[in-house]
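Heads up, the final residue of the sequence shown is numbered 212 in our numbering, and it's a clean run with no missing numbers.
None of these hints come from the bench; they were simulated from the model.
Worth double-checking, as some hints may not be accurate.
As the list claims (entries may be wrong) - Below are the EDC-like pairs computed for lysine to aspartate or glutamate, each with C-alpha atoms no more than 20 Å apart in a straight line: (1) Lys109 with Asp56; (2) Lys109 with Asp68; (3) Lys109 with Asp183.
What the hints assert, rightly or not - Computed beta-carbon distance windows for the label pairs: (4) Asn163 with Asn74: 37 to 43 Å; (5) Thr182 with Thr105: 31 to 37 Å; (6) Ser70 with Asn189: 57 to 63 Å; (7) Ser70 with Pro108: 46 to 52 Å; (8) Ala208 with Ala85: 57 to 63 Å; (9) Thr165 with Ala192: 34 to 40 Å; (10) Ala85 with His188: 56 to 62 Å; (11) Asp56 with Pro166: 23 to 29 Å; (12) Val178 with Asp68: 48 to 54 Å; (13) Gln114 with Val178: 46 to 52 Å; (14) Ser175 with Trp91: 53 to 59 Å.
All values reported here derive from a predicted model rather than from experimental measurement.
All residues carry an ideal CB built from backbone N, CA and C; glycine is no exception.
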Amino acid sequence: VRDAENAAACLQHPDHSALTNCGCTHCVSAIASFGCPWPHHCFECAQALLDTLPPKWDPQQHQRVDDELGLPDPSIPPPDRDWVKVDPSCVTSGPLENVLRIFTTGDIYNGTPPEMAGYDPSHLVTIATDGSCMHNSTANTIAGAGGFASPGHLANFSV
Numbered sequence: 054v055r056d057a058e059n060a061a062a063c064l065q066h067p068d069h070s071a072l073t074n075c076g077c078t079h080c081v082s083a084i085a086s087f088g089c090p091w092p093h094h095c096f097e098c099a100q101a102l103l104d105t106l107p108p109k110w111d112p113q114q115h116q117r118v119d120d121e122l123g124l125p126d127p128s129i130p131p132p133d134r135d136w137v138k139v140d141p142s143c144v145t146s147g148p149l150e151n152v153l154r155i156f157t158t159g160d161i162y163n164g165t166p167p168e169m170a171g172y173d174p175s176h177l178v179t180i181a182t183d184g185s186c187m188h189n190s191t192a193n194t195i196a197g198a199g200g201f202a203s204p205g206h207l208a209n210f211s212v
């Protein structure tokens, strides 16, 4: 996707033209590096490919940034060595296995998260979430999670 995004971006370069003999740096590079006889057409194909992506995966769409309030300090280690802290942020880094979160049940949703129009922090409810897992890496693994707002609050939950 990143390569397609980079190729499609060439269409927006001010020196680029749709002519077959365009001399912009992107076209010259595409001809020299890839032997592409019609770079403009390749850039258009890259754009067409990006346009097929669902909004959730489309890098051209506005993507959320970490806007969660009150995230714990990541430099503080978890209280128990048997616990594995999950980073709740949207922006990821590191090896691929650290950034994938796969949920296999429920309906597929490829739309983007709704924008928070009329954002009013006075209506926010702070919920503490936690999860645990016993018997990791065995056939008897048991996991659970929950959220707590306050005693008796309707937003409290467990799974």
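Hints versus structure:
no., hint, result
1, Lys109 with Asp56, "18 Å, holds"
2, Lys109 with Asp68, "31 Å, violated"
3, Lys109 with Asp183, "26 Å, violated"
4, Asn163 with Asn74: 37 to 43 Å, "40 Å, holds"
5, Thr182 with Thr105: 31 to 37 Å, "35 Å, holds"
6, Ser70 with Asn189: 57 to 63 Å, "58 Å, holds"
7, Ser70 with Pro108: 46 to 52 Å, "30 Å, violated"
8, Ala208 with Ala85: 57 to 63 Å, "59 Å, holds"
9, Thr165 with Ala192: 34 to 40 Å, "38 Å, holds"
10, Ala85 with His188: 56 to 62 Å, "58 Å, holds"
11, Asp56 with Pro166: 23 to 29 Å, "26 Å, holds"
12, Val178 with Asp68: 48 to 54 Å, "52 Å, holds"
13, Gln114 with Val178: 46 to 52 Å, "28 Å, violated"
14, Ser175 with Trp91: 53 to 59 Å, "57 Å, holds"
The structure fails to meet hints 2, 3, 7 and 13 from the earlier list, while all remaining hints are met.
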